[in-house]
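Undergrad: The whole structure should be built from the sequences, with the hints applied where relevant.
Chains as they are written, first to last, in the working numbering: chain A, 7 to 804; chain B, 262 to 440.
Some hints here could point you the wrong way.
With the Cβ distance kept under 7 Å, some of the chain B side facing chain A (calculated, not the full set) [claimed, not checked]:
id: 1; residue: E345
id: 2; residue: G346
id: 3; residue: A350
id: 4; residue: R361
id: 5; residue: T372
In short, the hints are calculated from the structure, not lab data.
Think of the CB as a built atom: it goes at the ideal place given N, C-alpha and C, for glycine as much as any other residue.
Spelled out, the chains give:
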Amino acid sequence: MSSRYFGQPVKRREDPRLLTGGALFVDDVHLPGMLHVAFLRSDFAHGRLNGVDVEAALQHPGVVAVYTADDLGDYWRPGPLLVPPPPIEGIVFHERTQVPLARHKVRHVGEPIAVVVAESRYVAEDAVAEICADIDPLPVVADMDAALEAGAPLIHEDLESNLAAHVVQHKGDYETARRQATRVVSGRFTYDHGIAAAMENRGVVADWDGREQNLRIWDTTQAPIPIRNGLAAMLGLSESQVQVIAPFIGGGFGPKIMMFYPEEVLLPWISMRLNRPVKWIEDRQENFFATTHERGQTHEAEMAVDAAGRILGIKDVFLHDGGAYDPYGLTVPINSQCTLLGCYRVPSYYSEFKAIFTNKTLVTPYRGAGRQHGVFVMERLLDLAAAEMDIDRVEIRRLNLLAKEDFPHDHQIIYQDFAPLVYDSGDYLPAVDKAAEMIDWQRFIAEEQPRLRAQGKAVGIGLVTYVEGTGIGPYEGARVTVEASGKVNIATGVGTQGQGHFTSFAQVVAEQLGVDIADVRVTTGDTREFQWGCGTFASRGAVVAGNACHAAALVVRKKILALASELLEAAEEDLELVDGKVAVRGVPKTAMTLGELAVKANPMRGAVVPGTEPGLEATTYFGPASGTTASGVHAMILEVDTETFDVEILRYVVVHDCGKVINPMILDGQIHGGVAQGIGNAFYEQLIFDDEGQLLNASFMDYLLPTSTDVPTIEGAHMVTPSPLNPLGLKGAGEAGAIPVGALFAQAVEDALSGLGVKIHEIPLSPHRLFDLVHGGGSQHGGGSQHGGGSQRGGGGR
Amino acid sequence: MSTTAASNRHPIRLTVNGEVHEREVEPRLLLSDFLRHDLRLTGTHVGCEHGVCGACTILLDGAAVRSCLMFAVQSHDHEIETVEGLGTAEALHPLQEAFRDTHALQCGFCTPGFLMSLVPFLAEHDDPSEEEIRHALGGNLCRCTGYQNIVEAVRLACRRQRQGDAHGLGEGAVPGEMS
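TA: So this is what it looks like as structure tokens:
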């Protein structure tokens, strides 16, 4: 059957409302009698909280209530552990989750201490200023190395140290590989990822209706169903009494996952206590402190290679900054650990990390979720080896890629979804060759670069690869209904933050039911519409919920054909579904509309036969046993201004493979946005803390997001290696664009500055940092090589 | 957003999207909050409240300004246009149509600000270069699109403007759903 919708660049159904200001975001919810909430947050990164004096605030005109931890009674408890540690032998994991309001101690700047409820947000903020929190500052743990030193101040005093977790994963025997190696390259690499900075800050509106005994919550969450379930349990309500709605969300990127943020937990409690609707909308400054970060890791890594440049093994030992609490378990560092292996054949691997508690905002996944860090280490090691052994950078990658015959490929370690890290499918070599061809690798290096360098231009070229584990379980579901009007309704439990689900899910279903997409309505993110599911994260929406929609549509299609077969007295094989009608193929006068069939399927007289259901409706679930691995290659040409050290990206190429594509227009948009965030990460964005754990650049004046003049036009190409793990053959794409940009940037900048001998072992860069690297005599982190089996420290130069 | 301190209020009179409004407001009330919460025109979004992100951009007497950097009292006797005055879901403004045709929005939160920044730009530019377009967009942050398709949307809107195609569906575009 030719595809009418699946795979087509269908324009988005949600756009007219978004374009005209008619879409509902959380801050647009306005309820009669609504009160407004503001928080007192800690100014100290670490301190003993002796008491909180709220008397003056309570007296402030317009203030309705002020609460501290002591007022919460049994409701005060640490939040849930959202992701337990994976089943890895010998794993150490200390669970310390965030609390609704600080009690006895504050552990990061921005941790909430008290909450004011008032007639307006302006008044609530006035009153916050009148609260007096008695805090004795404690020595601050801001640095990962210092955090583990004996005698370091303890963030969680019931633990012996600031160690949050210790994980070792390995395959093969790295030490043997090292002894057999022709060469060993090594380096100390730091990778710092910033904040998601969604344009919409977080927000919660909670509305307890005492008469109906129902609680409605509008929440900027990526995962409304887990939030509904968790809040119902905490509040002692039935899940059916709680409705969580994630309406239009102004960007998610990870930190809006089911965090059970303090504000998310407190607003419903306050609404029930006061029997009034309450609203809290985060401001941008709060977002810098109170919404989760991703931040940094420091890797000591080495790679053993044979005489031809083939990888024999990799050893990587790293520290991961987890922040003050670890409710999201080990997802980020496990992603780093696993994604490091990339597109390559790595016979032996030893990877060890320690996650560290620090007096900083919590670290949870942000677009890429630690994958960037691993990719950076791998790609930089390959670049080191290429330089040491005088192998072309593309060639050393081609040499080490997994071949098409290697799939499925078992890396023999455990991934973030607790399943073995097995790549389901892929075909990497054509993608590398395509990207090299598009960027004109050979000619640029042989002709263009020498010519431009002769003109004094510091131009560099780079090419890197990456994989992205996507579409992990456990499951999502969808309900597809043909209504009496002939229109089709789809409901699914995931939330939507701009990914176009209102269109792509409609495409999947319209394809099967032969209806006009204009007649398909999609609801996401409302627990009253669909109450089983997990959420939108880990590049899983299209893969998991998309396949659930597909499965439900197939069942409905079957019901349509069965009923029509009976009514038209024709075999199902002879029927066709076209233009919202079912008819005997070639006999148009037999056509019945789906609306007519829906009425017949839900009769007012007669019985529903046992074993059947009324209506043309199906609810179906899709749960993949493991994730599916997408991949890609990015290449770029850039120029560094050797006076200002500003960087201009001259060309940017993406060759991407995420299997079959529902909507190429939406996919391209995901890639563009991901690359832009990657560029921000590589060259513009960094959270700067001082030794006291104070974030020094908590505004958009000082924390720079890339603008339209910083992001180039991206030239893209798609390869299609369908996933065998789901019926639609999809792989996820949400995070892909962002993952390899830091590694690519480092390679291309290093190439551009090769005349100056600069080694790039860190991301983010900046003009300032490049100036220091050039004028300070090279990388602060060093790097170098060792010859096989020996201990002699080789030169780091190319 | 109103407060209880009624004594400290100033009468203002302004025109928003062609409609005259008279209200009493606190002097400290931001124009963005006034539009969103007092007039319930929630299409104007607030992203940073310090004048960087541009999501709250509106037209004040025809010029694009940030409503989070103004007090409501400063809009007294002025004419304001917000995204709600541009087009409707059923009849999009050509700029809105171009955004939809080129997939120039994802989450859509920043979009009203981009549109309002671009209205005066389009009035002044018939055939801008990519550099001019990117410069014009430089005061608005978008975290989803990487700007590429927004640049494309501006190009498309300009092309249609040159062709006098006021209602959107230019050459090559198929009416209906395909882009």
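Undergrad: Evaluate each hint against the coordinates.
TA: Verification of the hints:
1. Below 7 Å, beta-carbon pairs count as interface contacts, and B:E345 has one with chain A at about 5 Å; its hint therefore holds.
2. With a cut of 7 Å, the hint placing B:G346 at the interface with chain A is violated, because the nearest CB-to-CB distance is about 9 Å.
3. At its closest, the beta carbon of B:A350 sits 4 Å from a beta carbon of chain A; the interface hint therefore holds under the 7 Å criterion.
4. Below 7 Å, beta-carbon pairs count as interface contacts, and B:R361 has one with chain A at about 4 Å; its hint therefore holds.
5. The interface hint given for B:T372 holds, since its Cβ lies 6 Å from the closest Cβ of chain A, which is under the 7 Å cut-off.
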